[in-house]
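*Asks:* Sequence:
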Amino acid sequence: MTKILISLTISTLHVHATDLPNILWLTSEDNGPHLGCYGDKYADTPNLDGLAAKGMIYTRAISNAPVCAPARTTIISGMYPTSTGAEHMRSMTQLPKGFKMYPVYLRELGYYCTNNSKEDYNLA
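To convert a position in the sequence shown, counted from 1, into the numbering used here, add 165.
Calculated from the structure, these hints are not laboratory results. A couple of the hints might just be wrong.
[As the list claims (entries may be wrong)] Across the chosen pairs, the derived CB separations fall in these ranges:
{"#": "1", "residue 1": "Y245", "residue 2": "V269", "range": "11 to 21 Å"}
{"#": "2", "residue 1": "D205", "residue 2": "K265", "range": "32 to 42 Å"}
{"#": "3", "residue 1": "Y277", "residue 2": "Y207", "range": "26 to 36 Å"}
Backbone N, C-alpha and C fix where the C-beta goes; we use that ideal spot for every residue, glycine too.
Build the full structure now, drawing on both the sequences and the hints.
*Replies:* Okay, here's the thing in structure tokens:
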């Protein structure tokens with residue numbers, strides 16, 4: 166009986182996962198426009214250039230917090246740094262109770278999300 170329940174659960178997850186659109190979100194920080202897809206003649210970035218050719222390139226982007234950790238706080242929360250109080254380095258601010266960062270919403274929908282070690286979100 167347990168094997169049947171596990172099989173049904175896995176097959177249900179598989180059906181749900183195949184209904185979702187594919188999302189590949191790469192974040193690269195502190196590099197400026199030094200990529201081939203942005204016209205840099207000296208950049209050797211063939212894999213990123215290939216992804217960019219098939220995806221979306223932002224040509225007008227600004228940062229509301231042009232410092233690494235506050236910028237990551239903005240990206241992961243979707244909130245302006247002045248709204249969270251995390252606009253300065255090492256603010257170590259608390260987000261509102263019950264607040265979820267965007268990967269939580271994606272996981273709840275069935276997406277696999279990973280962060281390979283970058284956890285300095287400037288949050289307490």
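*Asks:* Let me make sure I understand: some of the numbered hints might not hold for this structure. Which ones are they, in numerical order?
*Replies:* none
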